[in-house]
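Novice: Those protein sequence lines, which keep their order, are chains A and B. Be aware that the first sequence starts at 357, since it is given in the working numbering, and climbs by one per residue. Be aware that the second sequence starts at 357, since it is given in the working numbering, and climbs by one per residue.
It should be emphasised that the hints constitute simulated quantities derived from the structure, not laboratory data. None of these values were measured; they are calculated from a predicted model. The reader is advised that the hints may include incorrect statements.
Stated by the list, open to error - One side of the interface only, derived from the structure: several residues of chain A facing chain B at Cβ under 7 Å:
| id | residue |
| --- | --- |
| 1 | Y395 |
| 2 | A513 |
| 3 | A538 |
| 4 | E540 |
Glycine residues also receive a C-beta, built at the ideal position from the N, C-alpha and C atoms.
Listed below are the residues making up each chain.
Protein chains: 2
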Amino acid sequence: MSQIQIGTRETDLSIEVDSRLAAFFDERITAAARYGSEYQHLWSSVRDASGGGKRIRPRFVLSAFRKLSNVGSTGETDDSAALDVAVAFELLHTAFLLHDDVIDGDTVRRGVANVVGEFAADAQAKGATEGRSRLWGETAAILGGDLLIQASHSLVARVPVAPAARAALLDVFDHSVFVTAAGELADVSFSVGVDEARLPDILAMTERKTATYSFAGPLTAGAVLAGAGGDVLEVLGEYGRLLGVAFQLGDDLLGVFGAQDVTGKSIVSDLREGKETSLIAYARATDCWPEIEPLLGRPDLSEADGRALAAVLVDCGAKAFVEELVAEHSTRAIAVLEASSLPEPLVDELSSVARSCVGRLS
Amino acid sequence: MSQIQIGTRETDLSIEVDSRLAAFFDERITAAARYGSEYQHLWSSVRDASGGGKRIRPRFVLSAFRKLSNVGSTGETDDSAALDVAVAFELLHTAFLLHDDVIDGDTVRRGVANVVGEFAADAQAKGATEGRSRLWGETAAILGGDLLIQASHSLVARVPVAPAARAALLDVFDHSVFVTAAGELADVSFSVGVDEARLPDILAMTERKTATYSFAGPLTAGAVLAGAGGDVLEVLGEYGRLLGVAFQLGDDLLGVFGAQDVTGKSIVSDLREGKETSLIAYARATDCWPEIEPLLGRPDLSEADGRALAAVLVDCGAKAFVEELVAEHSTRAIAVLEASSLPEPLVDELSSVARSCVGRLS
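Only chain A is shown next, with the shape it has when bound in the complex (with noise of 0.2 Å):
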């Protein structure tokens, strides 16, 4: 997900969050070190796992904490309970990228070596066979996985809050738990062919899977903090699952389409990976998918093929149907928040990233 822009008055905010964060590492990697040298080994892996990001879900949950708060004269507000839920909702994200990480196979994340590849590349460097290298490095990622789960749900139990407060703050949380684990079965569903990957399923998994713990998740989670009722949980809700499905497609329009030097990844990596995306879903039901079916998912896919391939997605409507998509679910999320009481500041800057969300595909 990137280029996504979010009030820059939130910075000072944000810089907090990374210190949080960088607090909370150092003193996991501190604890660690009592369990010997591969144990504060992950922990330092791990903590290089969550860097590196945008901190779009800290960002949502400060926007919506502050634009909702009823600010005293001082214009100030007390931000630690906000600041807490932020950091966990950011741990919880590296959660899944690590445990992603393992299920897709991948060894490698934002172009260096993620948890599984730098263990297994120092269990080949101390002559481990390949297999059980690769083990090694599976390993330490579920586990890494497992601990960021399990310290970002204690973050949020202990924010000091009053216990209905808590109770919601936990419902959110546990239900962007649940539908996350539902939106990645099913995208692997997918991809192993254990289900026919149609559009709706598709826009389907894509909300579950990033949407809900990525937008709606953080944004009503600031607003339960700021003590909202259940009309604006809605609105936030709603508005971001629409923003998450159109960030989430207009993602697979730069996996295709990007320029590499904005997006940091191949145009081919996508294809090569055979990845069930919108695009994918689309072109199938169309004339143009026997030129597509034989290279997608080829392993030795040419850039020029790759090229080739975009070509043809451009020419069976794929890419503007999908473009179409963006646009209608950043419109109708526009809409939402319109039709709301939501406070004016926090409709504007909501409506603004809806907007950059098109803005970048262009």
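We have chain A; now place chain B onto it with these hints.
Specialist: Below, chain B alone, put in the same frame as chain A:
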């Protein structure tokens, strides 16, 4: 961990634990239906994975809670919070089993297909390749474990107790997960060959991987709920770690020398797997090692060779050594209880558990 015996007076509570577990899974299976049949299947498969155990962790929670509570003249306690925590430990245990099976590459547990095996078989029946079927099975087990880690924490976080008690409970739970992950990492480091498995390392790994979350954690959590002080928590933690190690060492012995009809597993399975146990760590430092090494970890090890290997483990003194270690840990665990100010009924019960640990080997 077979044949553990804890007070039968808690039988009614044990039934209540099962009924709460059943209600928990019923609710999740119903909620999962909204997200498709595969997700519902995942939840029912995870429910099945949680069955068949001896519920020793819930029993420890409830024993400590009841015997440390200031029971009024009616002899009644409000067990609801303790039952929630008991269920939480059982869910956490199932989560660890699910991820352990992925890491160990196991597709069978307690004689039937586990989550990995069940989902993999499903995918194969639908025509997926072996590799993709395995991926489908592993995905299901990884997500299933994630969901139970989340659910167990959420249960603990919602226990209706005073803030200080909830914070203490969360500490116990956090510590259990943190230490168990360290133990699991160490265990795999031995089998992959990243670390050397010397005897002290095996004992430390055992304490971390099993004793903490299965014995010390549940006992101290029950004590926290009963309002016990720091000295009681310390005693129970120490007892739990010693006894947990004794039990795991006992399992190492039963794994090689136990009768198959008692343990439910072949006496060659640990040897075929090449599992780094206390027996093997001891034997490695003896003159018998050259007789053991060539056979250990051979997937095609015959029953006859298995019996021959077991005989060498007797001859080299490994069996006697580990039996002595079990007795010593059990004795030390009882000594810790007897030197404490714990109420007599709890000392009696936990001493009897410690004695049964030695008794089950003869």
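Novice: Go through the hint on Y395/A and say holds or violated, using the shortest Cβ distance to chain B against 7 Å.
Specialist: OK, holds: Y395/A within 7 Å of chain B, min 5 Å.
Novice: Tell me if E540/A is really an interface residue toward chain B, meaning its C-beta lies closer than 7 Å to one of theirs.
Specialist: It holds, given that the least Cβ distance between E540/A and chain B is near 6 Å, below 7 Å.
Novice: Once the shortest beta carbon distance from A538/A to chain B is found, is it less than 7 Å?
Specialist: holds (4 Å)
Novice: Hold the hint about A513/A up to the distance rule: shortest CB distance to chain B must be less than 7 Å.
Specialist: holds (3 Å)
Checked against the numbered hints above, the structure breaks none of them.
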